[in-house]
Each structure stands twice: as structure tokens, then as C-alpha cells.
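Those protein sequence lines, which keep their order, are chains A and B. Residues 1 to 229 (my numbering) make up the first sequence, in order. Residues 1 to 301 (my numbering) make up the second sequence, in order.
Hints were generated in silico from the structure; no laboratory data involved. By construction, the Cβ of each residue, glycine as well, lies at the ideal position given by its N, Cα and C atoms. It cannot be assumed that every hint is accurate.
Stated by the list, open to error - A few chain A residues that face chain B, going by a derived Cβ cut-off under 8 Å, partial list only: (1) Ile24; (2) Leu132; (3) Leu133; (4) Gly135; (5) Ser138; (6) Asn202; (7) Arg203; (8) Ala205; (9) Leu206; (10) Tyr209; (11) Pro210; (12) Leu213; (13) Trp220.
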Amino acid sequence: MAEVEESSKPMFAGLSDISISEDILVEGDISVPVGSHNADNDFSTLDEPVKDTILRDLRAVGQKFVHVMYPKKSSALLRDWDLWGPLILCVTLALMLQGGSVDSEEEGRPQFAEVFVIIWFGSVIITLNSKLLGGTISFFQSLCVLGYCILPLTVAMIVCRIVLVGGSGLVSFVVRLIVVTASFSWSTFASTAFLADSQPPNRKALVVYPVFLFYFVIGWMILTFSPSQ
Amino acid sequence: NPETFKKLLLFQEFEDEQGFTDNNQGATTVTIDDPIKSRKQRKATGTAFEEEDNDDKTELLSGQRKSAPFWTFEYYQTLFDVDSHQVKNRIIGSILPWPGKNFVEVYLRSNPDLYGPFWICATLVFAIAVSGNISSFLVHQGQPNFRYVPDFSKVTMAATAIYSYAWLVPLALWGFLTWRNTKITSLVSYSFLQIVCVYGYSLSIYIPAVILWIIPNEGLRWCSIVVALCLSGSVLVLTFWPAIRDDKPRITIAIISTIMILHVLLAVGCKACFFSTYEMHPSKAHNEPSTATNTSSTNPK
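So here's chain B without its partners, still in its complex pose:
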């Protein structure tokens, strides 16, 4: 018995079917260590490491991108990981809806960015302020006792309205969709940042529309609103359709109509606030009551 015991303890050579010679054993350990070694080498570059790590993880774990904790600077850098042509493509994609293309799938994939929503909203705020001022100047130009006064309180109002639309509506929508997902498993579910991204880019059509509002022609203004609403509204509907089509039809219709109504409210509200108030200035005799009745009659709720 001690003999067999000693035999069992002796080192035994295994048959080397896969060619596990000394060389190959060394190679095996190198391949396991290699990604870790190269990551350590890349760690010196700091943020580049985070981005490359994210790229690897994107392929491995779809949908789980942000590896850095949200209180570090690197986390927010991953949210700005876009190139100029990518931003340009996303803006074009939000303006021209294509029935088969889902904005999130085609343009965002798993890389939502915050650059687009933030700067498009900022541009929209300033475009509204500037166009509102220009249009009021043009309307009152002929009057002798009108002194042009630039109005800066409008900027803060516009900023509050647009930024809360771009952030609170996606938050509500995301919460609602997540809640529905617990009851009905649909194939498509969007993260909060993706919804924010879609909403932000969908506002980009309003920038040329707002610039067109300088021309004090009511027909042209309403025309441009309708066109902008159709384009961006259809982009939104096409994006969210796959996520809610498996739901009960009543809920689907309710969500779609809520999205559209809020979108319409934003457009008409901006027009009413910034482009008609000037025409209702109390010290002016030149009044346009038709604009006032138009805007008050479009209050849907």
C-alpha cells in the first residue's frame, strides 16, 4: 500500500494530444495574460483606457457600457464620445424619418451622447430669443414712437421651457416604459440616455423653423410649425413604436398621443410666448387679436 501511495504522489506525465509542450504552455499563459497586460500599458493614458475598455465591453455586454462610476469625470467623457460626422449624421437622421430605420438602432446603437441634446437645446434657446427680438423689431418698425428694447428675460424663460422639455419628458417616458416592461416583455427597451438623446436630436428641426418665424407672415409661420411637427413627430413615433407595439392597443395609442401632444404644445407654446407677445404690447395700438385667439384656441387640455 505505501507503494501505490507513493506512485499516486509521483508526478505523472500526461499524454500530450494537443501538443502541450513547454512552449505551448508558455503560450497559453501569455494569451490569458495578454489583455490584462495591454490594459495595464494603456492605463497610463487615463481616459483612453476607459474608452477602449468601453469599446471592448460594448462587444461583450451589449447595453452595459458605462464602466466608470458616475461621480468620476471619465464617466461623463464616455457620454461625449462622438465625432463631428457622427453628430452630423444623427442630426440628419432626426430630420428625415425613414419608415424602416429606427433612430436608436441606426444612429445611436449603444453610444448615446449628451453633446447633441445639450448644444441643440442651447442653440434653440438663443435662436428663439434672437428671432423673437428681430421679429418684434420688424413688426414695430414703422411706428414712430416705438423704441426697440431687447428683452433678455425671454432668454431665461425659453431656456427653462426647452431644457425641462428635453429632460423631464424623457424621464417620464422612460419611467413609464420601464414600468410597462415589468408587465409586458417587449423586445426593445431603451435606456434613459437613449431617450434623452432621441428627444434632443428631434428638437433640431425647430432651429430652421424658428429662424423662419422672423418673417412676420402668419401663414408661413403656421406652415413651418406643421412641417417641423410632422418631421420630428414621426421620428419620435417611429423610434418608440417597437417598444410599445406589443402592449395593449389602448396604452399604445395613449403613449403615442401623449408624445405628439407634448411636442405640439412645445412648438405652439414657444410661438405664442415669444412671437405674439410683442404684438400685444399694451402701449401699442397696432394689435393682432387673431394671433391671440389662435393660440388660446389651440389649448388641447
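Bound-form chain A, shown alone:
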């Protein structure tokens, strides 16, 4: 490399003379570590029995139900969101609320599609609202929380149906009113416990109010449900 140090010559003139002689052995080892295949096996769930898959998802859904019934500020609901729970709850609620065949007595009750659309459309609008106000929660996490927090209202619906079997007088109305009010405030409280942390502090009321309105409307539909005769 003595040629390079001479400043009179142009910079890379000496490199054209360099060549690697044939008897210098160039060897190396290019191989991909095989260990990644083992990690792959842990996450591949194609080979397990179907029962395991279903049970795992059911356990996750059930765990979230427990979280909703005893709302603490845990982030389990937010971290592993899934929409199975909201779907089950929404379908159950819509099936129980729907009117029967097109009868003159039952035409005032909401159809299955109406309840379904109200719940999902309402959740989407509330999520959009919280994102527009500057919330940091993601779209599907918010849908997940709102859907799971319908659980107390679904329980109230079941209780109301049982109470209505006994009679539809004033006493049953008062009982149903108390049950629905308690469950709708439980739902609102549970969802704000999960959602409130993701909002800027001076806009919390702006985000909580639509959630209140949403559960109020669903509670109203449950309360005014009249049984078929």
C-alpha cells in the first residue's frame, strides 16, 4: 500500500494493481441459526385439538366478564382485546329484545337488526368521538370495552324477563326499574373505569357523557320491554 501514500498520484490509482492471489483460501460459514424453528413451534396452534382452542378463547372471554363485574383499573381488558364477548352479549340481548312475527301487538318492539345496529353503531360512534377528542385508546380496544360492559345490562334483561313471568303490574315495574337503573349505572361506571385513563384530563366529561347516553338508551329498551301474550 505504499503507492497510496504518495500524494502526487491520484487517489485510487494503486487499487487497480491489487489482486488476491489464487492460493489464499477464502472461507467462511454462512448459516442461519436453526433455533428459530423451535420458537415457531410454540406459537403454532394448528396442531392442537379444537377443544383446546375453543376452551382457551372461552377462558379469555370469561376472564374479561369477571373483570367487568368487578371493575378495577386493570389493563387486561385493554391489552388483549377480543370481540367475541361483545358479539355474544349483543346477540343475546337482541334475541331477547326482539319482537316476534309482524303482529299488531308486537310491531312496536325493536327487531333483531335494530338492536344489533344500535349497539354496534353506537359503539363505533362513541369510539370515533373519543378518538376525535384526542384519546389514546385504539379503535378495537374501545369497541371491546364498550361491548363487554353491556354484560350488566344483559343480566338485567334476564332478570326482567324472569320478573315479567310473575306479572306485569306496578310492583314488577318498580323492581325492573331498580334493576335496570342499577345495571345501567354499573355499566357506565365499569366502562369509564377502563376508558377514563386514556383521555386528556380536561375532556373526561365530554367522553363519559356519550357512554352514559348509550347505556341509558339500551337500559330504556330493556325497561320498556313488554312480554308477548
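With chain A held as given, fit chain B onto it using these hints.
Using the frame of chain A, we list chain B on its own:
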């Protein structure tokens, strides 16, 4: 000549009156670059950048706020840039008209929001549906063969009526005012979003009025309608007065009366649709014909 030419080409020191030493020259470039540098630093936060940019631009270019194009999410976030207390103040301002205060100037300034109009309309729709159901239940309670049936078609009807009022009337008004502005330059001109905002917040007085309509007392209902109409109507008139007072008196009166008539129509129409139909149910003998004649006689056009 080549001498003078060389002299002209030589670097010449200028007299440094303002102290343009090396230090100061560096400082000058820093002050020019500073807002750009800090904006680049803030760009990482995404939407915060948009909002701060809007704040700067609000002070520089009054009236030109929305810097993001309307198909991006950030544009709509600027329309929701309000705090809880701001919304509360705007609602109070729309309920209590003050002769000197213009709603747009005092409360909106250059920050109209869509949160208020959207959720106030939604609340009004559900309040009408719920109160209508409760009032029909209370009216027919004594009758033995009445089975209470909640009516959900009313919700969609109410939603259509209220949302179209809250959006189409401001659109028409804005178009008309913009057209008049080409003929007569007035000091005050409102953007479309500001008019939507005013109309949305002015509907907020109807929410307690609608809840009062549960009580099946006709006198109380008409009383609450009149009070609500006076309050929100005066807010609207006070808001739009500065924009149209420079116009011909006939046009001014025409606009004011159109605003008021549409407002009255909305209130009376809601009452007629949702609170009297139940009393005209064909299978019921208990009828209130006075309500029917009242509502049909108030048809102004």
C-alpha cells in the same frame, strides 16, 4: 480598469452599526430557523402538531384555521378541540341571551366545534323518544285494555327531522348570507361551521322543555314551548343581527322572520308528532280533538 474591477470583487467589510458580529449573525439565523426546528420536533407527536400549528395560525390569520386537508383525520380532530368547561359555557351562553354578547364572538371566536351540535341533537332525539313514550304511557294508564307498546319508529323520524334541521337550515342560511355578502359588504360574516355550531347549541334549551312535556298538561306544554322559543330564538336573532343589519330592511326582516318561523315549526312539529299522535290512536275512545285542531291551526304556510 482591471484594478477597480479587482477591488469591486474583493470582499468588503461593511460598517457594523447594529453590531453584526459573528455572534449576532449566528443568532439571527437561529431565530429564523427556530419555529421550523421546534415544529419539526413537535411533528413527532402527530396531532399535537396540527393543533399547535392551528393555534399559531389563529393568531396570524384570523378566520383561516383548518390547515389540514378535509380528508385527513386531523382535520376533524380540530373540529373537536374543546374542553369540558368550554362546552358547558357555550351551552349556558346559548340558553341565556345577553343583548350585547354575540354568541359567535364571545363563545366561539374562531373555534367552532362539532361536538356540541352532534351530541345535543342526539340527546334531543332520544329525549323526545323517551318522553313521548312516557307521556303516552301516562295518558293511557287508566284504560284497562291498553297495553303499552314502545314505539321505535319515532326515534328514526325524530332523528331525521332534528338532524336535517341542524344541518340543512344552516347550509341554506350560510349560502344566502354569502350571496348577500357579494352585494353588500358587511363587517361580520360567518363560516358554515360557525352557523352549524350556533344552531346546534341553540337546540339545547329544548332538552329540558321536552322533558317537561312528559306532564300531560297542555297549558304547561305550551308554556314551556313559548319560553324555549323565546330564549333560543333571541340567541339566534342576536347572533345574526350584526351580519344582516347593513342590508335592505326588507331583506333583514325576511331573514329574521324565516329563522324564527323555522324554529317555531320545529318545536311545534315535534310536539304534534310525538306527543299528540298517541292521543289520537284509533283504537282508543279517549280522544283529545283540541290538540289536533291546535296543531293544524298553527300551520303558518
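Hints versus structure:
1. Ile24: This hint is violated: A/Ile24 lies away from chain B, its Cβ roughly 50 Å from the closest one there, beyond 8 Å.
2. Leu132: 4 Å, holds
3. Leu133: 5 Å, holds
4. Gly135: With a closest approach of 10 Å, the A/Gly135 hint is violated.
5. Ser138: Interface hint status for A/Ser138: violated (13 Å vs cutoff 8 Å).
6. Asn202: 4 Å, holds
7. Arg203: Hint on A/Arg203: holds, closest Cβ of chain B at ~6 Å, below 8 Å.
8. Ala205: Because about 4 Å separates A/Ala205 from the closest Cβ in chain B, which is inside the 8 Å limit, the hint holds.
9. Leu206: Holds, about 5 Å.
10. Tyr209: At 7 Å from the nearest chain B Cβ, A/Tyr209 passes the 8 Å test, so the hint holds.
11. Pro210: With a closest approach of 6 Å, the A/Pro210 hint holds.
12. Leu213: 6 Å, holds
13. Trp220: With a closest approach of 6 Å, the A/Trp220 hint holds.
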